[in-house]
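A.B. asks: All chains should be built: construct the whole structure from the sequences, respecting the hints.
Taking the working numbering, I'd label the letters of the sequence shown as residues 1 to 247.
Simulated from the structure, these hints should not be mistaken for laboratory data.
A hint or two may mislead.
Taking lysine to aspartate or glutamate and the DMTMM-like style, the derived pairs with C-alpha atoms no more than 20 Å apart in a straight line are [unchecked claim]:
# : residue 1 : residue 2
1 : Lys-164   : Asp-19
2 : Lys-192   : Asp-206
3 : Lys-192   : Glu-28
4 : Lys-236   : Asp-204
5 : Lys-192   : Glu-170
6 : Lys-137   : Asp-116
7 : Lys-63    : Asp-116
8 : Lys-162   : Asp-55
9 : Lys-239   : Glu-194
Quick list of the computed label-pair ranges, beta carbon to beta carbon [as the list claims (entries may be wrong)]:
#  : residue 1 : residue 2 : range
10 : Lys-104   : Glu-147   : 22 to 28 Å
11 : Gly-139   : Asp-5     : 42 to 48 Å
12 : Val-14    : Lys-192   : 34 to 40 Å
13 : Lys-192   : Thr-3     : 19 to 25 Å
Keep in mind that this is a model prediction, so the values were computed, not measured.
Note that the Cβ used here is the ideal one computed from N, Cα and C, for glycine as well.
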Amino acid sequence: MLTIDHLKKHFGFVKAVDDVNLNIKEGEIVSIIGTNGAGKTTLVNLISGYLKPDDGRILFLDKDITHASPYVRIQMGVGRSFQLVQLFGGSTVLDNVRTALFSKYGMIRKGLLPADRYSSITEEAIKILDNFNISDKKGLTPKGLSEGDLKILDIAIAFALKSKLLLLDEPTSGVATSDKFKVMDSIVSAIKREGISTLIIEHDMDIVSGYSDRVVVMHEGRIMAEGKPDDIMENKEVKATVFGIVS
Numbered sequence: 001m002l003t004i005d006h007l008k009k010h011f012g013f014v015k016a017v018d019d020v021n022l023n024i025k026e027g028e029i030v031s032i033i034g035t036n037g038a039g040k041t042t043l044v045n046l047i048s049g050y051l052k053p054d055d056g057r058i059l060f061l062d063k064d065i066t067h068a069s070p071y072v073r074i075q076m077g078v079g080r081s082f083q084l085v086q087l088f089g090g091s092t093v094l095d096n097v098r099t100a101l102f103s104k105y106g107m108i109r110k111g112l113l114p115a116d117r118y119s120s121i122t123e124e125a126i127k128i129l130d131n132f133n134i135s136d137k138k139g140l141t142p143k144g145l146s147e148g149d150l151k152i153l154d155i156a157i158a159f160a161l162k163s164k165l166l167l168l169d170e171p172t173s174g175v176a177t178s179d180k181f182k183v184m185d186s187i188v189s190a191i192k193r194e195g196i197s198t199l200i201i202e203h204d205m206d207i208v209s210g211y212s213d214r215v216v217v218m219h220e221g222r223i224m225a226e227g228k229p230d231d232i233m234e235n236k237e238v239k240a241t242v243f244g245i246v247s
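C.D. replies: Now the structure itself:
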């Protein structure tokens, strides 16, 4: 699905991403962990096209997208949510998802659509909201949603863009502790139902352990370890470097 080949990105003397190699398989959920400044967000910015690498290649579905624009990557199926949710605040939940579908299908103005096509887009948007368990909130604006539901809506919009690979930046950031597992259950069940590959930046180790197929640990721009969640949590080097636990 995704192949990262000897990827490098330096900012002056800072090696933010330093010769990273990574593969993500179809339907796999991979979490990236590491201390602040480890290179996690820079790596995701490179994958999504918001930064250009100094060296290396990015292959998606066997196509070289190293120098493709973010828009081209979105059209190919690379979707991204953001830690700070970006939505159309004055539009309803349904309209936000419907707008994403219009964009995906190249339909900018609903007035240009025949009535039956507009109706089918609306039905598709409601189905997506059903998949994420927020269809009961379709008439609300984002201002009327909880932080958790805002996160779910943000990811539902990326889903509406027909993403084959989702890049999620701290999907439970700002979500109440009591709600974080409900939020992740909604997100992951929809992702797994469609077989979407997912790369998650996450600091919450309960989320990492509970929902990841594989964990990648970054430190000073490099991958220092990767493996099953349980193995990573017991890795002495990871415990010392990332969690400050010396045994």
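A.B. asks: Which hint numbers does the structure go against, in order from smallest to largest?
C.D. replies: Of the numbered hints, 1, 6, 7, 8, 9 do not hold.
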